[in-house]
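Peer 1: Here this note's numbering = 1-based position in the sequence shown + 65.
Calculated directly from the structure, the hints in this document are not laboratory data. Quantities reported herein were computed from a predicted structural model and do not represent experimental measurements. One or more hints might be untrue.
List of simulated lysine to aspartate or glutamate pairs, EDC-like, C-alpha gap at most 20 Å [claimed, not checked]:
{"id": "1", "residue 1": "LYS182", "residue 2": "ASP222"}
{"id": "2", "residue 1": "LYS182", "residue 2": "GLU164"}
{"id": "3", "residue 1": "LYS228", "residue 2": "GLU190"}
{"id": "4", "residue 1": "LYS209", "residue 2": "GLU191"}
{"id": "5", "residue 1": "LYS206", "residue 2": "GLU164"}
{"id": "6", "residue 1": "LYS122", "residue 2": "GLU99"}
{"id": "7", "residue 1": "LYS228", "residue 2": "ASP178"}
{"id": "8", "residue 1": "LYS166", "residue 2": "GLU190"}
{"id": "9", "residue 1": "LYS139", "residue 2": "ASP199"}
{"id": "10", "residue 1": "LYS206", "residue 2": "GLU190"}
{"id": "11", "residue 1": "LYS135", "residue 2": "GLU118"}
{"id": "12", "residue 1": "LYS166", "residue 2": "ASP210"}
{"id": "13", "residue 1": "LYS139", "residue 2": "GLU118"}
{"id": "14", "residue 1": "LYS182", "residue 2": "GLU128"}
{"id": "15", "residue 1": "LYS228", "residue 2": "ASP199"}
{"id": "16", "residue 1": "LYS185", "residue 2": "GLU165"}
{"id": "17", "residue 1": "LYS185", "residue 2": "ASP210"}
{"id": "18", "residue 1": "LYS209", "residue 2": "ASP140"}
{"id": "19", "residue 1": "LYS200", "residue 2": "ASP222"}
{"id": "20", "residue 1": "LYS228", "residue 2": "GLU258"}
{"id": "21", "residue 1": "LYS209", "residue 2": "GLU165"}
{"id": "22", "residue 1": "LYS182", "residue 2": "GLU255"}
{"id": "23", "residue 1": "LYS166", "residue 2": "GLU118"}
{"id": "24", "residue 1": "LYS200", "residue 2": "GLU143"}
{"id": "25", "residue 1": "LYS228", "residue 2": "GLU262"}
{"id": "26", "residue 1": "LYS182", "residue 2": "GLU99"}
{"id": "27", "residue 1": "LYS200", "residue 2": "ASP210"}
{"id": "28", "residue 1": "LYS133", "residue 2": "GLU118"}
{"id": "29", "residue 1": "LYS166", "residue 2": "GLU128"}
{"id": "30", "residue 1": "LYS135", "residue 2": "GLU165"}
{"id": "31", "residue 1": "LYS209", "residue 2": "ASP199"}
{"id": "32", "residue 1": "LYS200", "residue 2": "GLU190"}
{"id": "33", "residue 1": "LYS135", "residue 2": "GLU164"}
{"id": "34", "residue 1": "LYS139", "residue 2": "GLU110"}
{"id": "35", "residue 1": "LYS182", "residue 2": "GLU165"}
{"id": "36", "residue 1": "LYS166", "residue 2": "GLU211"}
{"id": "37", "residue 1": "LYS206", "residue 2": "GLU165"}
{"id": "38", "residue 1": "LYS182", "residue 2": "GLU110"}
{"id": "39", "residue 1": "LYS200", "residue 2": "GLU164"}
{"id": "40", "residue 1": "LYS228", "residue 2": "GLU260"}
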Amino acid sequence: MKSSTCQTPAVSAPSGVMARGKARTPTTFLNSVERHFLVCPTINEAAKVCLFELWLKAGSAAELWFSKLKPEDKDNWEHLSAAFNLRWPARILTVMTTEEKHALLMATVISEDSLGKRVKVGGVEEFSHIIWADKIGCLVKAIKDENGLLIPVVRCDMPRVLKLLVGTQHTIWPMFCTAVHAVSVTELLEHLEVEHEQRAIQEQVACLQALQQCHTHHP
66 MKSSTCQTPA VSAPSGVMAR GKARTPTTFL NSVERHFLVC PTINEAAKVC LFELWLKAGS
126 AAELWFSKLK PEDKDNWEHL SAAFNLRWPA RILTVMTTEE KHALLMATVI SEDSLGKRVK
186 VGGVEEFSHI IWADKIGCLV KAIKDENGLL IPVVRCDMPR VLKLLVGTQH TIWPMFCTAV
246 HAVSVTELLE HLEVEHEQRA IQEQVACLQA LQQCHTHHP
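Just need the whole structure built from these sequences, with the hints factored in.
Peer 2: Written out as structure tokens, the structure reads:
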């Protein structure tokens, strides 16, 4: 149960995993609390502790943790925030290695089936080849391939239709990504139709050849 003796000023509650509202990380919640205190510099230490307690979600692990804190760990905000960080330390993210960045670039491929179709990203629909080019552009910036040495490697995994329309003359990534953006969807769909027709003919020829071989071996 929350303390009934807290006399606190009217301050809106932050949103966070510990508070009522959207689930966020403990560090995000604590940062939100700190921001609230910064905009209300007149809040004293006792009020800060009381507000923090009131902002904890009822029945949560954080509320139970707070109730079991020693008095000296919550007699002021400095002690309370230190105890909070000890219980929920900030997550340290590892930096992606160069090898991992290369692997991610190689794994970012565009399939033939997705060509000419729109994809929703961030609530906005865009053609798949444009979304793919934007992703590639971001990845190569992280790798710092200013000379475009990886362009032939990435191009190797592109659908044949997209390869033909983009061309081979691009030596740096901005040129390559711009060329992908510039691909006409109408031309893309027309080339896909031709590609599918050619593939169907090749499959029919392969079937006929297989039948002929079958008849030759079994008269």
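Peer 1: Decide, hint by hint, whether the structure agrees.
Peer 2: Hints, one by one, checked against the model:
{"no.": "1", "hint": "LYS182 <-> ASP222", "in the structure": "19 Å, holds"}
{"no.": "2", "hint": "LYS182 <-> GLU164", "in the structure": "31 Å, violated"}
{"no.": "3", "hint": "LYS228 <-> GLU190", "in the structure": "23 Å, violated"}
{"no.": "4", "hint": "LYS209 <-> GLU191", "in the structure": "26 Å, violated"}
{"no.": "5", "hint": "LYS206 <-> GLU164", "in the structure": "14 Å, holds"}
{"no.": "6", "hint": "LYS122 <-> GLU99", "in the structure": "17 Å, holds"}
{"no.": "7", "hint": "LYS228 <-> ASP178", "in the structure": "15 Å, holds"}
{"no.": "8", "hint": "LYS166 <-> GLU190", "in the structure": "26 Å, violated"}
{"no.": "9", "hint": "LYS139 <-> ASP199", "in the structure": "49 Å, violated"}
{"no.": "10", "hint": "LYS206 <-> GLU190", "in the structure": "24 Å, violated"}
{"no.": "11", "hint": "LYS135 <-> GLU118", "in the structure": "14 Å, holds"}
{"no.": "12", "hint": "LYS166 <-> ASP210", "in the structure": "11 Å, holds"}
{"no.": "13", "hint": "LYS139 <-> GLU118", "in the structure": "10 Å, holds"}
{"no.": "14", "hint": "LYS182 <-> GLU128", "in the structure": "49 Å, violated"}
{"no.": "15", "hint": "LYS228 <-> ASP199", "in the structure": "17 Å, holds"}
{"no.": "16", "hint": "LYS185 <-> GLU165", "in the structure": "26 Å, violated"}
{"no.": "17", "hint": "LYS185 <-> ASP210", "in the structure": "28 Å, violated"}
{"no.": "18", "hint": "LYS209 <-> ASP140", "in the structure": "50 Å, violated"}
{"no.": "19", "hint": "LYS200 <-> ASP222", "in the structure": "15 Å, holds"}
{"no.": "20", "hint": "LYS228 <-> GLU258", "in the structure": "15 Å, holds"}
{"no.": "21", "hint": "LYS209 <-> GLU165", "in the structure": "14 Å, holds"}
{"no.": "22", "hint": "LYS182 <-> GLU255", "in the structure": "13 Å, holds"}
{"no.": "23", "hint": "LYS166 <-> GLU118", "in the structure": "43 Å, violated"}
{"no.": "24", "hint": "LYS200 <-> GLU143", "in the structure": "43 Å, violated"}
{"no.": "25", "hint": "LYS228 <-> GLU262", "in the structure": "18 Å, holds"}
{"no.": "26", "hint": "LYS182 <-> GLU99", "in the structure": "46 Å, violated"}
{"no.": "27", "hint": "LYS200 <-> ASP210", "in the structure": "14 Å, holds"}
{"no.": "28", "hint": "LYS133 <-> GLU118", "in the structure": "12 Å, holds"}
{"no.": "29", "hint": "LYS166 <-> GLU128", "in the structure": "41 Å, violated"}
{"no.": "30", "hint": "LYS135 <-> GLU165", "in the structure": "45 Å, violated"}
{"no.": "31", "hint": "LYS209 <-> ASP199", "in the structure": "15 Å, holds"}
{"no.": "32", "hint": "LYS200 <-> GLU190", "in the structure": "15 Å, holds"}
{"no.": "33", "hint": "LYS135 <-> GLU164", "in the structure": "47 Å, violated"}
{"no.": "34", "hint": "LYS139 <-> GLU110", "in the structure": "10 Å, holds"}
{"no.": "35", "hint": "LYS182 <-> GLU165", "in the structure": "29 Å, violated"}
{"no.": "36", "hint": "LYS166 <-> GLU211", "in the structure": "15 Å, holds"}
{"no.": "37", "hint": "LYS206 <-> GLU165", "in the structure": "14 Å, holds"}
{"no.": "38", "hint": "LYS182 <-> GLU110", "in the structure": "58 Å, violated"}
{"no.": "39", "hint": "LYS200 <-> GLU164", "in the structure": "18 Å, holds"}
{"no.": "40", "hint": "LYS228 <-> GLU260", "in the structure": "13 Å, holds"}
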